[in-house]
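Next come the chains, spelled out residue by residue.
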Amino acid sequence: MNIVDFDNIHRAYQRGADVLNGVTFSIGAGRVVGLVGKNGAGKTTLLRVAMGMLEAQQGAVRLFGLDPRRDPLEVKRRIGFVSEDQILPPFLKVEQVLDLHRGLFPTWDDSITRDLIDRFGIPAQTKIKALSKGQARQVALLCAVAHKPELLLLDEPAAGLDPASRRDFLETSIQLLNETGSTILFSSHYMSDVERLADRIVMLHEGRVLIDSELDELREHYSLALVPHNGGTSRTTLLSLEGCLGARDRSDALHAVFNLEPESTSRLLETELGITDLLCSRIALEDMFIELAGGQQ
Amino acid sequence: MTTKPSLRFRLSQVGRDRALRSVPLWIVVTALNTSVLMGVIAMRVARDGSASLPTRELALVLGLALAVYLLAGGVRSRCRRIDMTLPLSTSNLWTVHSIATYLAGLLVLLASAAVLATHMSILSRRAAFSGGGESLVGFCAQLAAIWFLAVMVMQSYRADLRKPTGRSAFLTSLATAVGIPFLAALLAGRSQSLTIAPIAAGVILGYRSILSLPKCLSLSPLEVSSESTGAVAPALAETSESTPPRDQILSHRASRRLVARTVFHTPPWGSATGWIALLFVAGFGFLMSGVLRAWQPDADVRLWVATMTVYMLLAFFAPLTFRLPTLDPLPVSRRFLFALLVLPAVFALMLGYAGGWLTQRYLGDTNRTVQYRVEMPHCWVSVPYAHLEVAWDGNLPELTSPWGETHAASSSTLFRGGKATLYSPFNTPEESSAAFEALLTSRAIESVHGTSIPHEEIMERYFVVDGDRLVGLKQGGLTLEEDFPYLGRPAGQHQFLALMALVLIPWFLLLAIFLRTFRANLSDKTRQVTFWSLLGLSLVLMLGQVAMAVSGLARPDVLRGTMEVALRQATSSTPATVTLSIACLALVIVSYLLAQRQLVKAEIPMTPTKFALLDFSQEH
Numbered sequence: 001m002n003i004v005d006f007d008n009i010h011r012a013y014q015r016g017a018d019v020l021n022g023v024t025f026s027i028g029a030g031r032v033v034g035l036v037g038k039n040g041a042g043k044t045t046l047l048r049v050a051m052g053m054l055e056a057q058q059g060a061v062r063l064f065g066l067d068p069r070r071d072p073l074e075v076k077r078r079i080g081f082v083s084e085d086q087i088l089p090p091f092l093k094v095e096q097v098l099d100l101h102r103g104l105f106p107t108w109d110d111s112i113t114r115d116l117i118d119r120f121g122i123p124a125q126t127k128i129k130a131l132s133k134g135q136a137r138q139v140a141l142l143c144a145v146a147h148k149p150e151l152l153l154l155d156e157p158a159a160g161l162d163p164a165s166r167r168d169f170l171e172t173s174i175q176l177l178n179e180t181g182s183t184i185l186f187s188s189h190y191m192s193d194v195e196r197l198a199d200r201i202v203m204l205h206e207g208r209v210l211i212d213s214e215l216d217e218l219r220e221h222y223s224l225a226l227v228p229h230n231g232g233t234s235r236t237t238l239l240s241l242e243g244c245l246g247a248r249d250r251s252d253a254l255h256a257v258f259n260l261e262p263e264s265t266s267r268l269l270e271t272e273l274g275i276t277d278l279l280c281s282r283i284a285l286e287d288m289f290i291e292l293a294g295g296q297q
Numbered sequence: 001m002t003t004k005p006s007l008r009f010r011l012s013q014v015g016r017d018r019a020l021r022s023v024p025l026w027i028v029v030t031a032l033n034t035s036v037l038m039g040v041i042a043m044r045v046a047r048d049g050s051a052s053l054p055t056r057e058l059a060l061v062l063g064l065a066l067a068v069y070l071l072a073g074g075v076r077s078r079c080r081r082i083d084m085t086l087p088l089s090t091s092n093l094w095t096v097h098s099i100a101t102y103l104a105g106l107l108v109l110l111a112s113a114a115v116l117a118t119h120m121s122i123l124s125r126r127a128a129f130s131g132g133g134e135s136l137v138g139f140c141a142q143l144a145a146i147w148f149l150a151v152m153v154m155q156s157y158r159a160d161l162r163k164p165t166g167r168s169a170f171l172t173s174l175a176t177a178v179g180i181p182f183l184a185a186l187l188a189g190r191s192q193s194l195t196i197a198p199i200a201a202g203v204i205l206g207y208r209s210i211l212s213l214p215k216c217l218s219l220s221p222l223e224v225s226s227e228s229t230g231a232v233a234p235a236l237a238e239t240s241e242s243t244p245p246r247d248q249i250l251s252h253r254a255s256r257r258l259v260a261r262t263v264f265h266t267p268p269w270g271s272a273t274g275w276i277a278l279l280f281v282a283g284f285g286f287l288m289s290g291v292l293r294a295w296q297p298d299a300d301v302r303l304w305v306a307t308m309t310v311y312m313l314l315a316f317f318a319p320l321t322f323r324l325p326t327l328d329p330l331p332v333s334r335r336f337l338f339a340l341l342v343l344p345a346v347f348a349l350m351l352g353y354a355g356g357w358l359t360q361r362y363l364g365d366t367n368r369t370v371q372y373r374v375e376m377p378h379c380w381v382s383v384p385y386a387h388l389e390v391a392w393d394g395n396l397p398e399l400t401s402p403w404g405e406t407h408a409a410s411s412s413t414l415f416r417g418g419k420a421t422l423y424s425p426f427n428t429p430e431e432s433s434a435a436f437e438a439l440l441t442s443r444a445i446e447s448v449h450g451t452s453i454p455h456e457e458i459m460e461r462y463f464v465v466d467g468d469r470l471v472g473l474k475q476g477g478l479t480l481e482e483d484f485p486y487l488g489r490p491a492g493q494h495q496f497l498a499l500m501a502l503v504l505i506p507w508f509l510l511l512a513i514f515l516r517t518f519r520a521n522l523s524d525k526t527r528q529v530t531f532w533s534l535l536g537l538s539l540v541l542m543l544g545q546v547a548m549a550v551s552g553l554a555r556p557d558v559l560r561g562t563m564e565v566a567l568r569q570a571t572s573s574t575p576a577t578v579t580l581s582i583a584c585l586a587l588v589i590v591s592y593l594l595a596q597r598q599l600v601k602a603e604i605p606m607t608p609t610k611f612a613l614l615d616f617s618q619e620h
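For the record, the sequence lines run as chains A and B. Start counting the first sequence at 1; every next residue gets the next number (the working numbering). Start counting the second sequence at 1; every next residue gets the next number (the working numbering).
Be aware that one or more of the hints could be misleading.
Simulated pairs of lysine-lysine, DSS-like, Cα-Cα distance not exceeding 25 angstroms [stated by the list, open to error]:
| id | chain 1 | residue 1 | chain 2 | residue 2 |
| --- | --- | --- | --- | --- |
| 1 | A | 127 | B | 525 |
| 2 | A | 93 | A | 129 |
| 3 | B | 419 | B | 525 |
| 4 | A | 93 | A | 133 |
| 5 | B | 163 | B | 215 |
| 6 | A | 133 | A | 38 |
| 7 | B | 163 | B | 610 |
| 8 | B | 163 | A | 129 |
| 9 | A | 93 | B | 163 |
| 10 | A | 133 | B | 163 |
| 11 | A | 148 | A | 93 |
| 12 | B | 610 | A | 129 |
| 13 | B | 525 | B | 610 |
| 14 | A | 127 | B | 601 |
| 15 | A | 148 | A | 133 |
| 16 | A | 127 | A | 93 |
| 17 | A | 133 | B | 525 |
To give a feel for the contact side, a few chain B residues facing chain A, derived at Cβ under 7 angstroms [to be verified]:
| id | residue |
| --- | --- |
| 18 | 252 |
| 19 | 258 |
| 20 | 260 |
| 21 | 262 |
| 22 | 326 |
| 23 | 329 |
| 24 | 333 |
| 25 | 524 |
| 26 | 594 |
| 27 | 605 |
| 28 | 606 |
Reference excerpt, derived from the structure (chain B facing chain A, CB under 10 angstroms, subset only) [what the hints assert, rightly or not]:
| id | residue |
| --- | --- |
| 29 | 16 |
| 30 | 256 |
| 31 | 270 |
| 32 | 271 |
| 33 | 323 |
| 34 | 327 |
| 35 | 452 |
| 36 | 454 |
| 37 | 517 |
| 38 | 520 |
| 39 | 600 |
| 40 | 603 |
These aren't lab readings, by the way, just hints derived from the structure by calculation. Cβ atoms here follow ideal geometry from the backbone N, Cα and C, with glycine treated the same way.
Hey, can you work out the whole structure from these sequences and the hints?
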């Protein structure tokens, strides 16, 4: 059984401006999925729909086979959630925040709590409002993982943290959860984090799933073609080719991303458009993000 | 080298100041508050039969407007964070904020004065009130001087900080705020030359403050908080690996307590907000029990208090939604959250009501017994309102004795020009014989106590006719309870449930509409506008009664009497009482569930919406 099922999810905040426009994908148990996309692509909305904090206007979402709007408690007890704008009660001490969570999650594990408190060096007697942003985020993560959730949803969890804290924070939590076989869906703007941690990438663009691929497959089977301007090839022509995910008109050349290996892409462009003087190579995730989400598709 | 900002730039700085920018909102708030307070004063004065409005109370109303603004109007923040990054001197920031705050206060004062003037003009036309002998302009001049002193006090406290925070800063604000109406009441009616005193004190304070200004403002005080920063909580270090069930139950309870604490720890005053709100609600419950009648028999303000309670409950609910985004991702049931949001207020209301009821019993409620009131030249049999009657078609029956003496009953129409009339079958405005008065008293006793005492005995024991053939009571008065102990105290009406329903049903229904706006596709502004509209609606219900009384459209006591009669008729038998109680309870539960359903379906925004007036001028 899938842990997460999104089926044709639509959601708008204003009439005629869908933030999610038919998102469909599923996540099996034990997978670590990176959700990427530029600002406004719908990542946060999708994660909030998954949490049951927003209702899908069309389509169905199922977590552990349950509807998060109909069985919110059942679902939330099995989820750990950290978001960028999540606010812990600022007037409570760290240990009181942990007490609050301990009682709400039957599977709370104090050994994980102790371990993470030690590892992060969180002062347990300090009020949340007196912590630094990074420490507060660490407490939030601690609360999200200490009950060994079956699913961890992280919405830009490391935003605003310094590189060392970010890596420590993410790797610690993901290692911990991998040990218990939890599933993780996390959104991030840091492609290095996504490449390091995820085994599958879902890229959202304008409310739709643009890419849903295993990371290895992405590395092997996607390519970037730099088509020189002098041949008279246009963006539209490139986009009409099968396998072309996006094309941008840049000053040096036309940049086109293909869902093909570099050799196949070269062959395709040569046979279909007669272009021979092009550069074709594998594409790094960050470059792919920039090429596909960077506008002028 | 720093160049001095131009006058134009300084003026734009003043215009951008948070204190001045929040003024439009505060003008509305002040107008509403002043209206409510004037309504209270007008009703009190009307009841006392006084022909003039009390000077001191008018000054207090103006002072309170400024006090509320000082506490919540963004006076404490001396500048925005971004201003600290600009090449502006501390004295510039200090002066700009002082001017802006002072001007903002003056505008609030003028708004309050304008509302006062309007009320006074209406009252003087309708009820021949006079303005208390003191001119409003005089009050305003005094208040302007007091406000200057208040601004200087606020600006001189921790002048090195962008915004003084913490307990001592709050206490300073509170003391200053309390001082404003206090000084206003002190100076009211005294010589205008005394106005110079607060101005002088303000100038001295301001001068000292300017001299002590540092080169730069600070975001937080230099002193370090003494809070412990121990690395690991001992409780955590000693906890066993697996949590046993009993501990799980305990931690579940602890967790619920912390959820409750989180909900109630809301701006503007942290955990005090919830307690203050509950205290107010309990106070309203106390008044709703009709306890005031124990001190003053005619002071029955239950109906008015009931509508005011709806307003207050709604006003206090909105700030409690502030922490919902914090709890939303957690497995906390929305039904539990809703109960947490509303039930403490319901219990506080009931507790207050119970307190009022017990106080009445302790003090002795004479309103529930038959009395004979003598206020020459008129005497009459007084019974509880519930024992009066209503003639819906306006045809009043005559009061007739077995010996043929007939008189018209005392009556009053419900609405001016309407037919429905409330009348007393035990009271006639016409001159009648002593035997007739004794007969009416006997009938009243039977109605109220359910026991008959022959009118001849009443006549012999209590009534006397003097030389001018005027009817009166013998020495000692109508001592029914002493002379006829078997009469007992008449049971009170079953008003508790009806009054609770009168408050809770509208509150829950308004909440349902309000919570319906918690949808992600609705903006903060929509939520705010809805909330304020609903608040306005409940205010109209409250002020409508005052307006009806002042305009002479309907008398509040007659309306109240009619409701009590209707309630008595509806509870005339045990099955009827049970049916009515069940109906009230069912309606309360249905409206509760309607509101609860809206919270269950709500999409809580991640950033809390600012609803409370105080939120608009606070940083959280």
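Verification of the supplied hints:
1. A/127 to B/525: Since the Cα atoms of residue 127 of chain A and residue 525 of chain B sit roughly 32 angstroms apart, the hinted pair is violated (cutoff 25 angstroms).
2. A/93 to A/129: 9 angstroms, holds
3. B/419 to B/525: 46 angstroms, violated
4. A/93 to A/133: At roughly 15 angstroms apart (the allowed maximum being 25 angstroms), residue 133 of chain A and residue 93 of chain A satisfy the hint.
5. B/163 to B/215: It holds: about 16 angstroms lies between the C-alpha atoms, which stays within 25 angstroms.
6. A/133 to A/38: Status holds; Cα separation ~23 angstroms.
7. B/163 to B/610: Judged against 25 angstroms, a Cα distance of about 20 angstroms means the pair holds.
8. B/163 to A/129: 17 angstroms, holds
9. A/93 to B/163: Between residue 93 of chain A and residue 163 of chain B the Cα gap is close to 24 angstroms, so the pair holds against 25 angstroms.
10. A/133 to B/163: Given that 25 angstroms is the threshold and the Cα spacing comes to 21 angstroms, the pair holds.
11. A/148 to A/93: Given that 25 angstroms is the threshold and the Cα spacing comes to 22 angstroms, the pair holds.
12. B/610 to A/129: Given pair residue 610 of chain B, residue 129 of chain A holds - Cα atoms ~20 angstroms apart, limit 25 angstroms.
13. B/525 to B/610: 9 angstroms, holds
14. A/127 to B/601: Between residue 127 of chain A and residue 601 of chain B the Cα gap is close to 32 angstroms, so the pair fails against 25 angstroms, i.e. violated.
15. A/148 to A/133: 24 angstroms, holds
16. A/127 to A/93: 4 angstroms, holds
17. A/133 to B/525: Roughly 29 angstroms between the alpha carbons, so the hint for residue 133 of chain A and residue 525 of chain B is violated.
18. 252: 4 angstroms, holds
19. 258: 4 angstroms, holds
20. 260: 10 angstroms, violated
21. 262: 5 angstroms, holds
22. 326: 5 angstroms, holds
23. 329: Given a least distance of 4 angstroms, the restraint on residue 329 of chain B holds.
24. 333: 6 angstroms, holds
25. 524: 12 angstroms, violated
26. 594: Result: violated, 19 angstroms to nearest chain A Cβ.
27. 605: The hint is violated - residue 605 of chain B has no Cβ within 7 angstroms of chain A, the shortest such distance being about 9 angstroms.
28. 606: Holds. Min distance 5 angstroms.
29. 16: With a closest approach of 27 angstroms, the residue 16 of chain B hint is violated.
30. 256: With Cβ-Cβ at 7 angstroms, under 10 angstroms, it holds.
31. 270: 6 angstroms, holds
32. 271: This hint holds: residue 271 of chain B lies near chain A, its Cβ roughly 7 angstroms from the closest one there, short of 10 angstroms.
33. 323: It holds, given that the least Cβ distance between residue 323 of chain B and chain A is near 7 angstroms, below 10 angstroms.
34. 327: It holds, given that the least Cβ distance between residue 327 of chain B and chain A is near 9 angstroms, below 10 angstroms.
35. 452: 63 angstroms, violated
36. 454: Given a least distance of 70 angstroms, the restraint on residue 454 of chain B is violated.
37. 517: The hint is violated - residue 517 of chain B has no Cβ within 10 angstroms of chain A, the shortest such distance being about 14 angstroms.
38. 520: 5 angstroms, holds
39. 600: 9 angstroms, holds
40. 603: It holds, given that the least Cβ distance between residue 603 of chain B and chain A is near 5 angstroms, below 10 angstroms.
Consistency with the previously given hints fails for numbers 1, 3, 14, 17, 20, 25, 26, 27, 29, 35, 36, 37, ordered from lowest to highest.
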